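Student: Single-letter residue listing:
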Amino acid sequence: MKIVFIIIRKEFKQIFRNKAMIPIIFVLPLLQLVILSNAATYEVKDIQVAYIDHDNSISSRLLIEHIKGSSYFLAPIHFETSRQAEEVILKDKVDMVLEIPGDFEKNIINSQHPQIALRINAIDGATAGVQNVYIQQIVMHFNKNIQLKNKTLNTFNQSFSKTESIASFWYNRNLNYKTLMVPGILVLIITMLTIFLSSMNIVREKEIGTLEQINVTPIKKWQFIVGKLFPFWVIGLLLLSVGLLISKLIFNIPMLGSIFLIYGYTSLYLLVILGMGLFISNFTDTQQQAMFIAWFFVVIFILMSGLFTPVESMPTWAKIFTEFNPVAYFVEMMRMVMLKGSNFQDASRLIIKTFIYAVIMNSLAVWSYRKKI
Amino acid sequence: MSLHINNISKSFKDLKAVKHISLEVKENELFGLIGPDGAGKTTLFRILASLLLPDEGSANVAGFDVIKDYKKLRKNIGYMPGKFSLYQDLTVEENLNFFATIFDTNIEENYDLIKDIYIQIEPFKKRKAGDLSGGMKQKLALSCALIHKPKVLFLDEPTTGVDPVSRKEFWDMLKKLQKKDITIFVSTPYMDEAALCDRIAFINQGEILQVDTPSAIVKNFAKEVINIRTNSIYKSLQVLGKYQYTHSNYPFGESLHYMDSRDDFDPNEIKKHLEDEGIEDVEVQLITPEIEDIFMELSRE
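Those protein sequence lines, which keep their order, are chains X and Z.
Residues in the first sequence are numbered from 0 upward in steps of one, following numbering that gives the first Met the number 0.
Residues in the second sequence are numbered from 0 upward in steps of one, following numbering that gives the first Met the number 0.
Just so you know, not all the hints are guaranteed correct.
[As the list claims (entries may be wrong)] Label-pair distances were calculated between CB atoms; the ranges are:
| no. | chain 1 | residue 1 | chain 2 | residue 2 | range |
| --- | --- | --- | --- | --- | --- |
| 1 | Z | Met0 | X | Phe291 | 46 to 54 Å |
| 2 | Z | Asp103 | X | Arg203 | 19 to 27 Å |
| 3 | Z | Gln87 | X | Val26 | 23 to 31 Å |
| 4 | Z | Gln87 | X | Pro253 | 46 to 54 Å |
Hints are computed from structural coordinates only; laboratory data are not their basis.
These numbers come from a predicted model, not from an experiment.
The beta-carbon is built from N, C-alpha and C at its ideal position, and this holds for glycine as well.
Start from the sequences, fold in the hints, and give me the full structure.
Tutor: Pasting the structure below:
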């Protein structure tokens with residue numbers, strides 16, 4: 000134990016004596032948290048609509064007024080011909096073109112199906128989808144209003160009975176993207192930092208030759224590994240603490256579940272990541288190699304973790320892959336506990352998976368760490 | 000026997016770094032492994048320090064097999080690699096403390112062993128190891144290698160890149176350590192340091208050429224060596240290169256050394272030959288061969 004302790008003390012001394020290390024460990028990740036959480040959002044705002052009104056009726060103007068009234072849309076721009084409108088969509092000046100045909104009002108009054116044409120710039124498919132949903136909602140709203148008006152105008156007209164769905168968004172009432180993103184980005188930051196630090200740490204000793212000096216001592220494999228990795232386990236938990244504090248103070252993210260569950264799970268999760276880091280450092284000779292390999296895994300894990308794109312929309316093979324992606328576990332866990340208030344039992348599936356992962360990863364790492372080179 | 004090496008070989012891909020080496024080193028001996036860069040010295044050291052597995056053969060250090068008993072072996076050896084490999088960002092004191100603790104001892108326990116060396120760097124004990132001068136780094140490395148009172152000390156090219164004064168100091172320290180019951184196995188590319196060892200082994204291209212005391216090696220050398228000074232060493236080398244009786248000739252400091260292929264000859268013949276070829280100020284002198292001459296001769300074969 001004394002030997003493990005002296006290695007831990009040595010590691011901490013080296014980390015904190017390195018002047019660049021403290022900002023790298025604590026300041027940069029938290030800046031990332033603040034910047035990314037504010038920037039990474041799916042909300043689509045300030046949609047610019049161009050419209051061509053062939054009808055020029057009260058109804059068509061009412062539809063435009065509806066769009067103008069929405070907080071997601073800028074004031075629509077009017078064009079005489081559809082060719083002009085298409086030109087501006089080509090130049091990226093507007094996001095969509097709305098064309099109202101000449102018989103629009105006539106069809107409404109005659110209870111025919113009035114139609115409008117909508118062309119959306121779908122270079123960014125996700126954004127186009129969201130814009131489409133927004134405009135559909137406005138048109139629906141317009142429909143309802145116009146029906147009410149028609150009733151008073153034309154009492155003979157039959158009233159339609161229509162099913163209306165009212166959605167209520169659970170666990171994130173206002174669909175606030177920050178609530179979704181902050182716990183995820185915190186996961187990303189903890190993962191990146193601990194895997195980079197741990198994978199580069201032992202390689203560094205290899206690179207500067209001190210590992211050779213350590214290897215001729217009677218120090219045991221486990222003592223050295225525990226002594227080397229424990230400091231990063233502590234740093235990971237410290238980072239979590241500061242990150243949680245920021246999410247509460249700056250972003251006001253709810254914390255419905257048990258904070259102890261989060262800490263307990265993170266302690267386990269960090270073992271997976273540290274094992275992975277050690278595994279990488281066993282197969283590399285320089286810090287540069289270690290960094291690029293860690294980078295390769297981290298990017299795949301993070302982009303396929305369900306943090307930026309939902310797992311549900313991935314192809315089947317990718318879904319299977321996320322079953323083996325520890326970052327996906329952690330993202331899910333954080334969201335479950337923080338936003339949904341899940342308890343130990345709800346999360347037991349994830350905890351067991353992570354535990355198995357930690358055991359496998361660390362056995363592999365210890366096995367591949369050859370003290371005799 | 001403190002060190003017993005039996006038929007050790009090691010290859011790295013196509014390169015045979017060490018070829019069938021067998022050696023014995025006695026208790027408390029200061030044994031020198033002399034050879035140029037790339038001769039296989041470091042490979043042999045790493046095998047003996049249990050850092051590298053040999054392809055074949057066996058070795059026994061301080062009574063422990065380097066393969067089977069490597070755990071016990073590591074408690075009983077001190078190893079100082081050629082490259083400075085202590086923690087540069089820890090202070091002198093922290094480095095020493097760290098290695099003492101790893102060997103389950105402390106500085107006080109074996110202080111008498113390192114006292115003579117450590118006392119010279121003690122004024123800088125709060126300084127980071129990376130900020131020390133080359134000579135001081137080497138003293139710190141030696142202190143760290145000695146802190147657990149090893150039975151055998153392996154020093155891999157300890158004096159490479161160290162100034163002549165520090166080199167001399169270092170060898171004096173080794174002589175003192177030897178009296179404290181420590182077997183020292185040291186390698187060096189400097190031939191002049193060979194004379195300071197009790198016994199030496201010449202190594203070249205992975206093979207041991209000769210093992211003996213420095214004086215016996217010189218005494219048993221059969222060839223006569225002639226030191227030649229002229230106005231143009233370069234021209235003389237060319238002339239002697241074509242001379243029918245030349246066995247070998249090579250520059251040595253400001254002069255050149257020459258060995259004749261005949262067993263019996265008159266040095267003045269060579270002088271005359273050089274003068275006939277138009278070289279002036281020729282001085283020839285029969286000298287006692289130096290270790291380097293013998294090494295040059297051995298590595299020719």
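Student: If you test the structure against every hint from before, which numbers come out violated?
Tutor: none
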